[in-house]
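So the protein sequences, as listed, match chains Z and U.
Anchor point for the first sequence: position 232 equals 284 in our numbering, and the numbering is continuous, going up by one each time.
Anchor point for the second sequence: position 51 equals 1292 in our numbering, and the numbering is continuous, going up by one each time.
Derived by calculation from the structure, the hints in this document are not laboratory data.
Be aware that a few hints might be false.
If you only want the chain U side, here are some residues facing chain Z, beta carbon under 10 Å, derived [to be verified]: (1) D1333; (2) L1334; (3) E1361; (4) R1505; (5) V1508.
Covered by chain Z, according to a simulated footprint, are these stretches of chain U (three or more residues, beta-carbon under 8 Å) [said to hold, decoys possible]: (6) 1261-1272; (7) 1422-1431; (8) 1485-1496.
Values in this document were obtained by computation on a predicted structure and should not be read as measured data.
Beta carbons: idealized from backbone N, C-alpha and C, even for Gly.
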Amino acid sequence: MKRFLILTKAMSLMHLRNGYVLFWNFAFPVLLMLIYGAVMSQYMNYMTPGVIVLNALSFGLVSSSTMMLEMREKSVLRRLQATPLPAVQLIGSYLLVNVIIGVLQSTLIILTGVVLYDLPVTAASLFLAYPMILAGLLAFMALGGIISGMAAKAGTASAVGMTIYFSLMFISDMVFPLDMLPEWLRKIVPYLPAYPVVQLVRSAMLEATLDPKWLTHLFLLVVYGVGATLIAARLFRWEPKA
Amino acid sequence: MSRTMIGAQNLTAAYGATLALQGVNLSVEKGEIFGLLGPNGAGKSTLLACLEGLHKPIQGSVQVGGINVAVDPTATKRQLGIQLQRTALMDDLTVAELLEVYAALYEVYLTSSQINALLERFDLGEKRNTLARRLSGGQQQRLALAVAIANDPQIVLLDEPTSALDPHARRAVWDIVRQLHDEGRTVILTTHAMEEAEALCGRIAIIDRGQIVACDTPATLIASLQLNSMLKATVELPLDQVCSLPEVSHARYTGQHLEVETARPEVTLSALHELAARSGRSIRDVMLRQPNLEDVFLKLTGHALAESNPSA
């Protein structure tokens, strides 16, 4: 346990001292809110949960893997592999730090919404919203794990992640309502990973209730999360591809 | 009684279809400084990776401290102190933080004064709170060595600890390695510099193309091949003419220096002078030297240590 704590402290310091990580993780989410707020301030109740998920999606698919990929490319992972540290502790510690960062990002977005756009949140709505955000984060990070396992380089991983992120962002009812989509796409979207999170977070945050289809949504997220975790674990590599 | 700290039998390792090690046998006793000498791509790092449990051999077995690496890798990793060829530390951490973390990974928890003592020893005391990435090359290398022994290991594996260091920093690392030896630790290091192997190592394994071609003390290796003295001179003459001079057993050029192996240097030298005079060339910088590991390597493998393997 002491080993895990010291390692986790080190992982946190590494994230906090990295300017790139700091900007994308903490400045970018707030910027997103300011941009959306400037363009459509009257829709911010609808938008804020969307921005939370949109941010969680880019974080899960891309940013949360950045440090791991960097450690892989610089042989830091290989150096760690040579120690008696169990892989589960290494990955557990890394995920813990990143989940905390992900939750902090969502908190920053909510705070921006409350301060600047009178977002009507209550203790009850937040109490319900946070577990939903967390479920989404975990599923997205697991999917990000597949991408980093498959990509030979950090650059490739981020390009693939961003492509998926942008595709999902436009069709998952985050910032554009679903009825703007063609009929056939509307049938597929509910089964993609981002849409269920948007519905769960939005009804929790704005109405402090569970979405009518919450069981289906959560079930889908669990399937994505567990499935992706298993695949990501199989694809995990200590070294960059030769 | 001596105790075997590292053992390998019939070790064969590959990357894809390329064989990196072929049937390597190795036995390193407690307290030795053991050198793996060979050109780039010879298989030195792969051999270390097999000992470290980082590379799975396709054949043969490896023991660290009497424990089979394939059976209990965690137990064997626990006994090792490691420095990889690339420094590969988390360079957004400070020097002191790195020591704390790497010791902790071995479940060794250093106190602040233990960390200070370790840093003083590696001449990094003033750099305690400096981020690793802001250190110079020599400092980073010393840090990598400090990290390697942070868990107080009995066996230390150093992969090219002095490559890319200036002569001063290189001497500092040599001193550290000798200290590790004085403390009774077993050290295995790789190098492609023969003067380093000669200066530091009690025994040397010469590796070429994935095989150990010879293994003994530097002095015995040199003596066993009964090499003649080497005559060195700066002169431009056709090699075939030099080879046909009296008493010459071998001749080659290293850069612009002619190196001639001869049983009777005085005879060869006067013949060389005559040859040069006839060809209208002048001889400069004549020097006679004892055979060294470089010559042993050349003799055993047919190519110079400085050249890379054609396959690498």
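Here's how the hints hold up against the structure:
1. D1333: Given a least distance of 5 Å, the restraint on U/D1333 holds.
2. L1334: Holds. Min distance 6 Å.
3. E1361: violated (22 Å)
4. R1505: violated (52 Å)
5. V1508: Nearest chain Z Cβ about 54 Å off; hint violated.
6. 1261-1272: violated (count 0)
7. 1422-1431: Contact hint for the stretch 1422-1431 of chain U vs chain Z: violated, 0 residues under 8 Å.
8. 1485-1496: It is violated: at least three residues are needed, and the stretch 1485-1496 of chain U offers just 0 whose Cβ sits closer than 8 Å to chain Z.
Of the numbered hints listed earlier, those contradicted by the structure are 3, 4, 5, 6, 7 and 8.
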